[in-house]
Amino acid sequence: MKKFISPALLLIFFALSAMGHYAHWSATLEFVISAIAVILVAGFLGRATESVAHYAGQRLGGFLNATFGNAAELIIAIMLVREGLFDMVKASITGSIIGNLLLVLGLSLFAGGLKHKVQKYNVTLAGMNGSLMIVAIIALFVPAIFLQTHVLHEDDRFALSLVVAGVLIVAYILWLIFSMITHKNHLADISEKDAEELPHEHAPAWSKGKSILYLVIATVMVAFVSEWLVHTLDTLTADFGLSELFVGAFVVAIVGNAAEHSAAIMLAMKNKIGAAVEIAVGSSLQIALFVAPVLIFVSHLFGKPMDIVFTVIELAAIGVSVFIAKSITQDGQTNWFEGVLLLAVYMILGVSFYLV
Amino acid sequence: MKKFISPALLLIFFALSAMGHYAHWSATLEFVISAIAVILVAGFLGRATESVAHYAGQRLGGFLNATFGNAAELIIAIMLVREGLFDMVKASITGSIIGNLLLVLGLSLFAGGLKHKVQKYNVTLAGMNGSLMIVAIIALFVPAIFLQTHVLHEDDRFALSLVVAGVLIVAYILWLIFSMITHKNHLADISEKDAEELPHEHAPAWSKGKSILYLVIATVMVAFVSEWLVHTLDTLTADFGLSELFVGAFVVAIVGNAAEHSAAIMLAMKNKIGAAVEIAVGSSLQIALFVAPVLIFVSHLFGKPMDIVFTVIELAAIGVSVFIAKSITQDGQTNWFEGVLLLAVYMILGVSFYLV
Amino acid sequence: MKKFISPALLLIFFALSAMGHYAHWSATLEFVISAIAVILVAGFLGRATESVAHYAGQRLGGFLNATFGNAAELIIAIMLVREGLFDMVKASITGSIIGNLLLVLGLSLFAGGLKHKVQKYNVTLAGMNGSLMIVAIIALFVPAIFLQTHVLHEDDRFALSLVVAGVLIVAYILWLIFSMITHKNHLADISEKDAEELPHEHAPAWSKGKSILYLVIATVMVAFVSEWLVHTLDTLTADFGLSELFVGAFVVAIVGNAAEHSAAIMLAMKNKIGAAVEIAVGSSLQIALFVAPVLIFVSHLFGKPMDIVFTVIELAAIGVSVFIAKSITQDGQTNWFEGVLLLAVYMILGVSFYLV
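Protein chains in written order, with UniProt numbering: chain Y, 1 to 356; chain B, 1 to 356; chain V, 1 to 356.
So that you can see chain Y by itself, here it is in the shape it has in the complex (with noise of 0.2 Å):
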């Protein structure tokens, strides 16, 4: 990851992408210039994240890594409530989702699996994983048929987003719980090593103090340019001619997750594809079960109340792909080939989200 962040890079497209958003320059550009400087800024959060999970300890460690992980998506998605564009949040958090089982759980097999004939990895996790991505599509889908089937009061279709909800941040937590304290060895049998290697990796660079620093500095950061991005947007989809879906589901998804994307590919070509799928796994149960319900709760603080009800379309391509990624993953091994299916499904949605 060293390599990929220069400070002095990060802070000119940092500086740039303030001057294009007050100096109102193209949108077009405006949006190139904040969409490299979120992925700069991401990648910083990132590594700010790790170095102070690093001494924090294993356990509050491994907390802040999974709670920040995707912080910089929380953040683009917190302005695009502000805003009230709704529809694009949660086109956003299906383009995350399916960006991350498809795309980068993709691109990682497909990688890996070019130079290791076949990769394994813990067949336990691969299980509760799966059970996991199905807990989500279930709670995104109940609502949306209850609401499809029967006119609800306002109110209560609130309640019933509030407490779907509410139900999932329980399981989330429930879940660090479980994979961390009680049931952390049980899941962890081959990737392991992997695990234990990562942080050692990156974490000396920086002392206690700067991690901290560095993260509060990031986390302002990402804040900023992610509004400066969001507020491209509605120009950007217009002169295109693109849909909010489009632009939800799989420019800004792909923005946000760029961090991810290259981490869980060079990972998978070093054999480390426990970690990776963890990465592109893990990171899209948080957001269908961490992100997506703390959007709910935080567009009420705003006034702005949100339900957690999905199009069709945006349900039908979570679903898919949970399928096609649970069918895949749950053996615990994997090979070139699996990628390219995760890819061709990835394809067809991209395709089907761009013609609507």
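The set of hints was computed from the structure by calculation and includes no laboratory data. Among these hints, one or two may not hold up.
Pairs of lysine-lysine, DSS-like flavour, derived with a Cα cap of 30 Å [unchecked claim]:
no.: 1; chain 1: B; residue 1: 117; chain 2: Y; residue 2: 184
no.: 2; chain 1: V; residue 1: 184; chain 2: B; residue 2: 120
no.: 3; chain 1: B; residue 1: 270; chain 2: Y; residue 2: 184
no.: 4; chain 1: Y; residue 1: 184; chain 2: B; residue 2: 120
no.: 5; chain 1: Y; residue 1: 270; chain 2: V; residue 2: 184
no.: 6; chain 1: Y; residue 1: 120; chain 2: B; residue 2: 120
no.: 7; chain 1: Y; residue 1: 117; chain 2: V; residue 2: 184
no.: 8; chain 1: Y; residue 1: 120; chain 2: V; residue 2: 184
no.: 9; chain 1: V; residue 1: 120; chain 2: B; residue 2: 184
no.: 10; chain 1: V; residue 1: 120; chain 2: Y; residue 2: 117
no.: 11; chain 1: V; residue 1: 210; chain 2: B; residue 2: 117
Since we're looking at a predicted model, the values are computed, not measured.
With chain Y fixed as given, assemble chains B and V onto it according to the hints.
Relative to chain Y, chains B and V alone:
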């Protein structure tokens, strides 16, 4: 089980329930009393069935256990069919299936998992159960989807329902032959010990003649208290503003399955997870593959034909329950967090049914 | 196979079928004769393909076998496309997929399971097959759900169809490379012996030159009898009051797949369950991933563009078939009752298609 059912308590609640019914007590009071009576009498019926099964020898005994296992639900449902309350029949079938797959199984895995880190059972049986669940949901889903997209003559709708019901009953009988005769040992390896032990714990209490007599008495008593319970439901739904769907799917289903609930959870805590899963999953399979189809035929005997078409949200509820239960049980090992996931889905469905 | 196809019988039915067609015999008689002719000629084609494959060497031979395996269906479907009978094309694609996954596989598991208590095959191949089936159903499901919820310009609908078709064909070619070149041994362990044996049983009958000649002759004959068969279908549906859907999905599909049916069942009874599953599952994958997409492209060549959008009930039928087949095959072992379950689903679908 013995300690749970005192004959005196049983007779008192049976008598109170009868008085409530014929003296027209308040519907709420009558509901509470007859619900308790149903739970007690169903427990008595379960014990009598086990005792008769003990004397009948392993094969016929297994068949009796399997067939009388859901006798209480079947009798309640027949009462509802006779009254023409088809919506509530289907809601209670839905509720029995999801109650067993989510609540009973969820509490069993959670309670068992808190005491035992990982609990294991026969993975081949888990696979067969999974496939049977899939067939059950297909049998309910296919007629619904065909009838939603095509207008069928009434005769054809009933013909389709009867054929599907017939196919399911034949499949269920062949499953009994498969699991109790041709492949008995194949499915039994881990839980064998549990299965052997269970009958011996309760059986010796009654002589052969007494057991049969009690089985007859219990069946008659269930029939009466079920009818008294059913009569309270109309007023109950009106008074509390509950939907038929919610009462059928959650209230009736929980009352009708109370005996299974306690048995499964106690078995799970004793680390007999195979037997606990068998009660929960086996019970829901029996309802889908045997009770529901029998009700279709029974309704024709009453001259009030009922079709097999469930509503979209009932199908969705059964569908998601099958998917998460299959995903969780298919690896043949369970832990407390898997119980949490099942209960999370149950809560999401419960709130949804309550609000619509 | 040898004993099933007598050259004299083949020629007699081919001649009768031609006479029936040009002399305008009654549609029913002509249908019966040309159906028998199709079955015989398809068997001849299958044998010629195997023989050519034998001389072509393992890799090219495998490719030929895979590509010509469904030549009869492909040719029948091309005839239907040329006539513009798109509904019947899609119905017959649906029927081929569900016929292979439910009827052929079901009869194979049932017949094989009656003779052999448990039959085992390569579990890795089973997993890959399952994932491919999921991709196939996703590729058909996604365009349908997007087009049902959004009105698309006609050009965009065909563009979407062509892109999806292209993705599937590329995935199918990569699958051939994966399964026959890069991971051949990985997928072959258990059924290896079967695969080796099969060509040798039939191959030596003809010389290399004769084999190629017969392959050409058989292909031309299939083209003719297929066209004669297709011409009888219109009158047949009208005379017997059958829907295009039922005729396409059950009658045409059974006739077109008769050769696979008998081969798979005989292999299963000889305990070569791996080869039997390969025929059934492989055949349905080939139709979904290769035949269907090729037909989309062919329809554009004919100037009568066909889209890839299947009806709701066709998708439902394919979807449930994939789910039950995947659930049953994924553990790499089979028994007679799993055959019963597949046949039960086939019967439910058959009655449903017949009644609508």
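Which numbered hints does this structure break?
When the structure is compared with the hints, numbers 2 and 11 turn out to be violated.
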